[in-house]
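Read top to bottom, the protein sequences are chains D and Y.
Numbered by this note's numbering, the letters in the first sequence go through residues 267 to 719 in order.
Numbered by this note's numbering, the letters in the second sequence go through residues 920 to 1031 in order.
Hints in this document: simulated from the structure, not taken from any laboratory.
The beta carbon of each residue, even a glycine, is placed where N, CA and C say it ideally should be.
Misleading hints may appear alongside valid ones.
[To be verified] DSSO-like mimics (lysine-lysine), calculated; alpha carbons at most 30 Å apart, straight line:
1. D:661 <-> Y:935
2. D:609 <-> D:646
3. D:572 <-> Y:949
4. D:316 <-> Y:935
5. D:399 <-> D:711
6. D:572 <-> Y:921
7. D:375 <-> D:661
8. Y:1003 <-> D:609
9. Y:921 <-> D:399
10. D:707 <-> Y:949
11. Y:921 <-> D:581
12. D:609 <-> Y:1009
13. D:661 <-> Y:1009
14. D:646 <-> Y:1003
15. D:646 <-> Y:921
16. Y:964 <-> D:646
17. D:661 <-> D:399
18. D:624 <-> D:581
19. D:399 <-> D:268
20. D:572 <-> D:316
[As the list claims (entries may be wrong)] Chain D side only, calculated, beta carbon under 7 Å to chain Y, not exhaustive:
21. 311
22. 314
23. 317
24. 536
25. 550
26. 554
27. 559
28. 562
29. 629
30. 630
31. 635
32. 659
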Amino acid sequence: MKPFVRIASGQGFWGDLLTAPMAQVSNGPIDYLVMDYLAEVTMSIMQKQKNRDPRTGYARDLVTLMRELLPLCIEKNIRIITNGGGVNPLACSDAICETARSLGIRALKVGVVLGDDILGRIDDLQRDGHALKNMETGEPLSSVRDRIQSANAYFGAGPIVEALRQGAQIVITGRTTDTGLTLAPMMYEFGWRQDEWDKLAAGTVAGHILECGGQASGGNFMADWRSVPDLAHIGFPIAEAYPNGEIVLTKHESLGGLVTLQTVKEQLLYEIGNPTDYITPDCVADFTTIRLVQEGRDRVRMTGVKGRPATEFYKVSMSYLDGYTAFGTLTYSWPDALEKAQKADEILRVRLSDLGLKFEEVRTEYLGVNSSHGHLAPEKGDHNEVVMRVGVRSKDREAVERFGMELAPLILTGPPSVTGFAGGRPRPSEVISYWPALIAKNAVKHEVVMRTL
Amino acid sequence: MKVQLLRICHGRSGDKGDTANIGLIAREEKFYPLIERAITAERVKEYFGAMVLGPVERFELPNLWALNFLLHNALGGGGTKSLKNDAQGKTLAAALLRMEIDVPEGMIDGHV
Chain D
267 MKPFVRIASG QGFWGDLLTA PMAQVSNGPI DYLVMDYLAE VTMSIMQKQK
317 NRDPRTGYAR DLVTLMRELL PLCIEKNIRI ITNGGGVNPL ACSDAICETA
367 RSLGIRALKV GVVLGDDILG RIDDLQRDGH ALKNMETGEP LSSVRDRIQS
417 ANAYFGAGPI VEALRQGAQI VITGRTTDTG LTLAPMMYEF GWRQDEWDKL
467 AAGTVAGHIL ECGGQASGGN FMADWRSVPD LAHIGFPIAE AYPNGEIVLT
517 KHESLGGLVT LQTVKEQLLY EIGNPTDYIT PDCVADFTTI RLVQEGRDRV
567 RMTGVKGRPA TEFYKVSMSY LDGYTAFGTL TYSWPDALEK AQKADEILRV
617 RLSDLGLKFE EVRTEYLGVN SSHGHLAPEK GDHNEVVMRV GVRSKDREAV
667 ERFGMELAPL ILTGPPSVTG FAGGRPRPSE VISYWPALIA KNAVKHEVVM
717 RTL
Chain Y
920 MKVQLLRICH GRSGDKGDTA NIGLIAREEK FYPLIERAIT AERVKEYFGA
970 MVLGPVERFE LPNLWALNFL LHNALGGGGT KSLKNDAQGK TLAAALLRME
1020 IDVPEGMIDG HV
């Protein structure tokens, strides 16, 4: 058994810093590179792409990245784990194998995790008694059934561990939890059992710290952002895991960024609910048991994490179409910038009303004045400039489209010294809403497929 | 003396659907009891007023010198439905740090 394993975060979302994965692989020793691509909205975007072209539906960035990463990862024996397979992990693995071949790579094992996509099984599952009612509101699925775009169960670390045991150098999954990507290599390397709850919880918390990439190593750092060295070349976080469940959060020395108690704490508090019940498919972690110590420069040791048994359910996330939105902005300059922007908003609303257009909501915010903090922001008086930002939402696509045609006329038919309309008319975009549900674990079977070169 | 929370805390905020979370973290251990006592769920609910339509819940993490607040129905519907520029509540932690708190004389020295 290795004395410790170094697991490096490479991407925190689909659209993250593209140079980060290669920086992790080439600036110091790591054993695993984990890349998280899937926010809730990502799955529905990928499903839409797959509906248009059955060979798509995954993070195509990943294939481009592999061209750079593969030769070095194979040479250094670094394994890659990612949920960038989206709604089409098989097509993703095909594309990666094709890239490997084109690079002249002769031997490669790619493990693919399947089974999380239940879109085609919803009716069967309901017939078998799985209600899939909204776990937050209790509403029955029938209220949105005909508008569902994607439906995926969240798998944990288990299927990835299976793929690693079968020798996978790259593991591609669909909807796997962000935390499972990081926990899996620890379970595999150290032989942690599926009921060693404290260790699983420690690996899960490490996954939570890594899942947003640079946000744990100096990015978006509120405590003291000025003190972060060389953010331009920020080193993403690395979890150095030990067999006893202790974990050191760190980063490559030669890269920028910062790993301190404060950077780690800010990420630990990010997007959590009840800290004693951090529920994943692998375990329930208790964040109130975490002990952190700064043991050196850019080294934070985490100990003491307690876990409890996993629940009998997978979380399911379904997306459904829920109308349309459009947004537009106009910039008003001094003098009387705010007053002019407010007058423009008033004129716009009269025109929308004259047209008889129906919206669920029309929201106007004044950027530079109070769009972020509302009434909590003190009034500053004489603004140099104000950006008026108007958003509308409606089930009626045509109403939203027509709104987009009413903004530009304000330039010549509204208050003066207005600019900033270079982007053209605002276009309607689809609103994707989420339907969170629970499903018994035994109703969703995973499958690991190995692709060998 | 009264100071803004920014002097003695940092934090981070984000979203889960239409619920925003704010992690409020004391900069030093000695400040944690102050915020635990003063920054109650009720006070945060009243502070945000019309910006938060639902209830506010509070959880304590004394091990991290931190409080976690859940602000329900605070993001204009959340996700891609929200018409807010800050649809994910990313700036709400900063909004909370504007709040004033009583700190005993002599407890704060120097600048943030």
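Exercise. Checked against the structure, which of the hints given earlier come out wrong?
Worked result: 6, 7, 9, 10, 11, 18, 19, 20, 21, 22, 23, 25, 27, 28, 30 and 31
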